[in-house]
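Visitor: Here is what each chain is made of, one letter per residue.
There are 4 protein chains.
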Amino acid sequence: MKAGIVGANGYSGVELIRLLLNHPYIELEMLVSHSTNGQKIQDIYPHLTGVLNHELEPFDANELAKRVEVVFFATPAGVSKTLLPECLDKGLLCIDLSGDFRLKTPEEYEKWYHQAPAEAARLETAVYGLAEINHKQIEGAQFIANPGCYPTASLLGLAPAVKDGAIDLSTVIIDGKSGVTGSGRKASIGNLYAEVNDSVKAYKLGAHQHTPEIEQELAAMSGEKSAITFSTHLIPMSRGLMCTIYATITKGYSEREWLDLYQSFYEKSPFVRIRPQGNWPATKEVVGSNFCDIGLSVDGRTRRLTVVSVIDNVIKGAAGQAIQNLNIIKGWDEKAGLSLTPVYP
Amino acid sequence: MKAGIVGANGYSGVELIRLLLNHPYIELEMLVSHSTNGQKIQDIYPHLTGVLNHELEPFDANELAKRVEVVFFATPAGVSKTLLPECLDKGLLCIDLSGDFRLKTPEEYEKWYHQAPAEAARLETAVYGLAEINHKQIEGAQFIANPGCYPTASLLGLAPAVKDGAIDLSTVIIDGKSGVTGSGRKASIGNLYAEVNDSVKAYKLGAHQHTPEIEQELAAMSGEKSAITFSTHLIPMSRGLMCTIYATITKGYSEREWLDLYQSFYEKSPFVRIRPQGNWPATKEVVGSNFCDIGLSVDGRTRRLTVVSVIDNVIKGAAGQAIQNLNIIKGWDEKAGLSLTPVYP
Amino acid sequence: MKAGIVGANGYSGVELIRLLLNHPYIELEMLVSHSTNGQKIQDIYPHLTGVLNHELEPFDANELAKRVEVVFFATPAGVSKTLLPECLDKGLLCIDLSGDFRLKTPEEYEKWYHQAPAEAARLETAVYGLAEINHKQIEGAQFIANPGCYPTASLLGLAPAVKDGAIDLSTVIIDGKSGVTGSGRKASIGNLYAEVNDSVKAYKLGAHQHTPEIEQELAAMSGEKSAITFSTHLIPMSRGLMCTIYATITKGYSEREWLDLYQSFYEKSPFVRIRPQGNWPATKEVVGSNFCDIGLSVDGRTRRLTVVSVIDNVIKGAAGQAIQNLNIIKGWDEKAGLSLTPVYP
Amino acid sequence: MKAGIVGANGYSGVELIRLLLNHPYIELEMLVSHSTNGQKIQDIYPHLTGVLNHELEPFDANELAKRVEVVFFATPAGVSKTLLPECLDKGLLCIDLSGDFRLKTPEEYEKWYHQAPAEAARLETAVYGLAEINHKQIEGAQFIANPGCYPTASLLGLAPAVKDGAIDLSTVIIDGKSGVTGSGRKASIGNLYAEVNDSVKAYKLGAHQHTPEIEQELAAMSGEKSAITFSTHLIPMSRGLMCTIYATITKGYSEREWLDLYQSFYEKSPFVRIRPQGNWPATKEVVGSNFCDIGLSVDGRTRRLTVVSVIDNVIKGAAGQAIQNLNIIKGWDEKAGLSLTPVYP
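First to last, the protein sequences are chains A, B, C and D. Taking UniProt numbering, the leading residue of the first sequence gets 1, the next gets one more, and so forth. Taking UniProt numbering, the leading residue of the second sequence gets 1, the next gets one more, and so forth. Taking UniProt numbering, the leading residue of the third sequence gets 1, the next gets one more, and so forth. Taking UniProt numbering, the leading residue of the fourth sequence gets 1, the next gets one more, and so forth.
Next up, chain A with everything else stripped away, as it sits in the complex (with noise of 0.2 Å):
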């Protein structure tokens, strides 16, 4: 099968090209850049010297269609919503990896994004694509919104709790730390090695554009809406992302049943491991790898549960996610080109 990739000179779109080159039935045909197109990747990116040799290449829906059958969007806000409705048209299957399709209420997207949302239509027809949970509705789509690095932590942290009704969903609170890829290969002030190195910054607090996400999501699972408070830290490292998660407890678990709980919840999931009883994860024990490491830690002196839930980012969080989506609508193994074992140390 032939791919795409439009914005194939981020972050995201250099670790689909390192997936996708991995991937068994798989072949990369097109690389799309805005704004560097007419280089080669390579230039670009050399590390991939001798690796790939291809031109980046304006976008152009016609071209797409005639040439691949997936496209992979790994674009900033605000571009999918404009490129993505006319590769749909065009019979494309469609893998976003941007934020403009997630929310189901173009209000919501333009409250947190600060920017004119997708149309209404299509936005009912994205299937969010967090596989642990959406497994069904992925199978055989035509069009998936790739969740969010920090909601797919914060949302398979939560769910065997939330589904099982175990914690009081109005109590939960995220506190989200990430390495840097999380916000893209831009020149910035504050994203400077200078700035970041040997310190820990919190930033967007109350305002960050995933925080309607988890809730849509945690709604979904739950049936019930529910404000939750989401924070976030940058920290540095160049990949990785971890959220300590806190809830009041509903039910008088034990913490071996709490990891009993999470433990059968995740079964059939290749990419979720829990950890045993007082073992959290570190990020660098998934960095490389497709995996989500979930800890739990219950305190009966306050009656709340800590969750420690660990990805890697570009791969979890991003690129290796939407390939296990895709994966999934075609019927292949689900970690078909996934394999990864994290690159430890």
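It is worth saying that the hints were derived from the structure and are not from the lab.
When chains are identical, the list treats them as one kind, so a pair holds in a single copy or across two.
Straight-line C-alpha distance at most 20 Å; calculated SDA-like pairs for lysine to any residue:
(1) Lys251 - Ser170
(2) Lys40 - Pro276
(3) Lys335 - Asn22
(4) Lys90 - Glu57
(5) Lys268 - Asn53
(6) Lys225 - Asp164
(7) Lys268 - Val51
(8) Lys335 - His23
(9) Lys40 - Gly278
(10) Lys204 - Asn279
(11) Lys335 - Pro24
(12) Lys335 - Gly50
(13) Lys251 - Asp168
(14) Lys335 - Leu21
(15) Lys225 - Thr248
(16) Lys335 - Val51
(17) Lys104 - Ala141
Chains B, C and D: place on chain A using the hints.
Guide: Relative to chain A, chains B, C and D alone:
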């Protein structure tokens, strides 16, 4: 005034050396080390070459009493509880940077530190040295239990809200993030560069020994005992510590009013800086100084307050705060030797 | 083909595991560890959770001979010289990643490694496994001494010039820069995060044990014995190694001709990439892969050639090169299991 | 004495602020910035919150002449050559941290800086401010060209050997390694955290503008003009710079005699520290201070001397050295405001 340092060869010890060399009224007289006595401090720490020619000496209370007026204990947990009482009895002014005398209840120490507590009578006499809160009790004291690094950032971040009764204590959740110096200078696989670099890791969930210290002091502020949730994370940085603190609001203040509350609470505290609205501190912005910087976010949707509080764990969280306490005890300018601008970047 | 790893619990050991899991013709059968036998590898390295369920076993040559065909020794200096001969005698194919069998002259080993050398007769039988240079000798060999990390980058950076006689060997200076994994996974104060972070340090000047290895192989290439200057520096990074190599030019080539010389020398070497003029590699551009990237600079003012050669020390400098050697021995595709795109960023 | 800083919003500018706040005889009066004038410095650099309330002002030589006695130029290449002469003509004491007035030959500036040089007559009047070498010329000077960061470490590392005639100048090779602050605070993809982190990169090989500066000063020391090889590498650290220097020995000194030569050469230089035999400095051991630490290695096999010279590039390589020069000009204690112990770790 002549000073001695017990545990001079650890990270807090060498930071005390660095700061005291810059203090107008103190002269470093005696450096004590158990494991490295007989060596020159500059042979262990080449950055002190030509700065300080002292030899490390074994602990000897008589010798200390003869040569110095004040002793700083920068020792691991479990050491000062044995050594310090003897110094007190000889009339020495003692400032303990370890956790041995912070908890007033011996049972709590035993439970969280997993070792025998100091003598109960001694615990009574130690003043908890959080200068911004206990200024009066510190003036003229003989014996200070210097606060832990996490409790310093947590309590300074919570004090104005707690003393005002503006938050519900039972909802307090503290998500702590610390650099590696926090765990001292001992060889361990877990703290090797290759293990810590480019990663974030949760540790001691539900079991960190700073938990009862924070609860004890919150109870002292509020008159109300309440269990809190306190989590800690290891961040790939040498110095710096952040506490992101969550609590449910009980008073209907606007964000502006919250900022005013904090600003006026710390009006006379030279080392606490409240950030303007929409601005939250990075640890790098205080590293190298004795500052605690605090930023707030108030969320009407969830009725929660989020406080971001950062310090240099080795300075405000250890050596700097110890000197601040000494300044207050002696009636010197609180900032003597501590007028340090953060080293940025 | 079934494989065993002796020293499976070090950084090179776990990297062998990661790469062999991805190898089409190899099955991991036996993991041997002296210090941690009896434990499960995934309990020591949680990133292997669910990936590999093997228990670490004690060394037993009979057991190895019964169960595997090839043994990789990823052991510290001084171990394989004792254990490996027994495996050889039982007909096992042996690839030694340590330095025990690289130097042909026992006296040199003693002088630079400060311990007794392997038996001289055994040293004779080991083939120095620098695939790009010794391809022929490796084919069908039973026993490989896998090159050191610094020698790999140095020799690949020098080979085309040396074999062409285009530089004066007596002027060769190699300035090496390595990440921390180069010194293995043992607890030491010098490798603690807080000591290595945000700093660069020179070490073992004039005394690094890779010096005689480089000199021996340069002599083999050139037919001329010459002492070189080799310096090493510790860089705050986990993986990656750079050698910046200086030498006086003896032939009047243009920069273009130098590049052609290198390009054509490595035409049939799938893992060496020559960078275009004015472009020098960063270690990050090869990390995660088996590539060695080389950039050149020729200075008419000083008549000196500068070569920048980078590798991932754990892959091309250890585990990857070992597998490459096995591929060559067995006549498999040299790239089997090693078609790895660098993990960027 | 009142001081002004032109280019106060760059990394050298804010370091000058930090150091001058600590200077006994200087008062900061005027902060000048082209790009950010009108803003408060603490709004750009929150670490200065509450420390300094100055507003950045546009450049105005008359205003400077009215309000200050000394002006520091911490501006990018090409700025001071235009602005500084006017200040000189008004009788201001001028210290230029940029490269505009360091090279005595305008053609060399044009060749290496790729822009028009300063007026030749002005170049004559600038004193090259390497205090340890040009102390006499600096005393009472009006106009200082403050040395570049690499030349500072290189020249201090070479001076004793060169002045003694103990090395062959034509064999000098300098392998430089610098932290990221060396390239200033401008948004660029190449300096983004994710690009620099966990990697080392060679840059500007054969073309670094500090090359002619080093050659000029070596010629001044030796009376002999010689081309050197100078290479630069970007290291993942904020501050710190190391030069590893190689040269062929022409005198048969023992290592002990080499150390004595260096030790006695710098006997009266309070900021140069020579390390004992077998001990080479890490950059972290000088960061935060005005020290230059030097370690030596002498190799009988190759008859080469290796010198390791480290500084904090923002202090001894820029702001600290500028203040040291001012201290000398004014006849103050050379260490006034510069008695800084390195911030370790």
